[in-house]
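Please model the complete structure; the sequences and the hints are all you need to start from.
Taken in order, these protein sequences are the chains called C and P. The working numbering puts the first sequence at residues 1 to 197. The working numbering puts the second sequence at residues 1 to 168.
These are calculated hints, taken from the structure and not from any lab test. Please read all numbers here as calculations on a predicted model, not as lab measurements. Ideal Cβ placement from N, Cα and C applies to all residues, glycine included. Don't take every hint at face value.
Here are a few chain C residues that sit away from chain P, every Cβ distance over 10 Å (derived from the structure) [as the list claims (entries may be wrong)]: (1) 3; (2) 5; (3) 11; (4) 16; (5) 17; (6) 33; (7) 68; (8) 69; (9) 82; (10) 86; (11) 88; (12) 124; (13) 126; (14) 139; (15) 141.
Away from chain C, derived, C-beta distances all over 10 Å, residues of chain P [claimed, not checked]: (16) 30; (17) 97; (18) 110.
Simulated restraints on C-beta separations [unchecked claim]: (19) C:58 with P:44: 46 to 52 Å; (20) P:44 with C:15: 50 to 56 Å; (21) P:101 with C:64: 20 to 26 Å; (22) C:194 with P:34: 19 to 25 Å; (23) C:58 with P:97: 33 to 39 Å; (24) P:6 with C:47: 41 to 47 Å; (25) C:54 with P:25: 39 to 45 Å; (26) C:129 with P:40: 31 to 37 Å; (27) P:103 with C:61: 34 to 40 Å; (28) P:93 with C:87: 46 to 52 Å; (29) C:121 with P:58: 32 to 38 Å; (30) C:87 with P:34: 45 to 51 Å.
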Amino acid sequence: MARSDVQLMLDVKAGDEQSFALLLQRYRSPLVNFLYRMVRNREQAEDLAQEVFIRVYRARADYVPSAKFTTWLFRIATNLALNSLRDTRHQRMDISLDAPLSADAESGDERTLDVTDKHPDIEQHLVEEARKAMIKHAIDKLPEKQRAAVLLHKYQELDYGEIAKILACSESALKSLLFRAYETLRVELAPLVSGAK
Amino acid sequence: MEDMSCSRIEKQMMPYVDGRLKVSEQQQVETHLAACAACRVRVNEFRAVSGLLDELPQIEPSGAFDARVRARVAAEPVKQSWWAVFAPSPRAAFAASLLLLATIWIGSRPGNVNTTNSAANGGVQNIDPNDLPVLENYDILANFEPLTELPQPVQADEPDDSDSNQSM
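Structure representation (structure tokens):
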């Protein structure tokens with residue numbers, strides 16, 4: 001039977017390095033994805049995710065399971081992401097002037113489609129790429145706290161109480177935050193939303 | 001009146017879409033939706049947006065990610081608790097124990113009792129050298145002759161000084 005996050009963390013506190021490796025294995029992907037959607041840069045997201053794990057490791061001696069482990073983990077991640085966004089705001093404003101509208105533009109993984117590609121569904125592929133780029137762009141345009149709320153709610157599937165603790169706000173404020181975020185997304189993605197209905 | 005209901009339902013809208021409302025709250029929302037076309041459209045579009053967000057692919061951390069984290073963890077200094085400052089190291093504790101045992105052993109030896117008694121009876125001359133096997137240079141200690149050869153302390157020669165002063 002798999003040990004719970006809290007049990008693993010308590011084992012790390014007791015000096016079991018293997019338990020830390022299990023936590024790393026369990027949360028590296030969710031953390032990197034969350035941070036990637038927050039800071040829009042893959043390399044930076046991985047650096048921040050590493051920092052989250054190091055902070056968890058450093059705090060092991062003082063760890064008290066007073067809240068869910070994920071609340072603690074994503075609170076560290078959210079704070080690091082918001083700080084990073086604040087620190088690089090001017091830099092990002094300079095870059096965005098010439099940034100292409102692409103699904104992976106910021107990650108450096110941008111792929112150009114070869115027109116001689118023998119892909120049988122090239123047109124369909126192009127439509128899908130454009131669609132993803134539009135969705136990603138709409139999320140990127142959200143104010144940082146709204147974006148964090150949407151990502152934690154949609155992709156991490158955390159409950160409202162947990163997200164509220166991570167974002168240091170009340171549950172009521174979180175629900176308003178999510179409403180405003182979805183209102184913005186609804187407008188931004190109107191062409192896709194109308195087609196989806 | 002409808003505006004008031006719409007604004008009140010705003011906070012319930014996402015939990016309603018998620019299906020995370022209590023039964024009573026859900027019924028209240030549905031009553032409102034039955035009467036308000038604008039909120040009905042909004043709820044449907046929120047569901048559509050939620051579906052669109054599912055289309056974004058997940059990324060995988062790079063292959064070197066774990067190795068980098070492990071390297072950073074390995075480079076972390078060993079953290080000692082505040083109380084550890086007062087905790088002696090095993091080596092120091094062992095040395096202190098040995099010192100304590102040696103002190104007790106030496107203190108409990110019968111030779112020490114004789115030494116004390118003989119000292120009380122008038123001096124070190126009465127010490128039996130056999131009782132001090134460790135003290136190999138007992139002869140040197142027992143022989144005070146070198147001390148008698150020390151030069152006599154210089155007497156204060158104030159009168160001479162006064163004489164010389166006078167002579168000057």
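Does the structure break any of the earlier hints, and which numbers would those be? 5, 6, 14, 21 and 29
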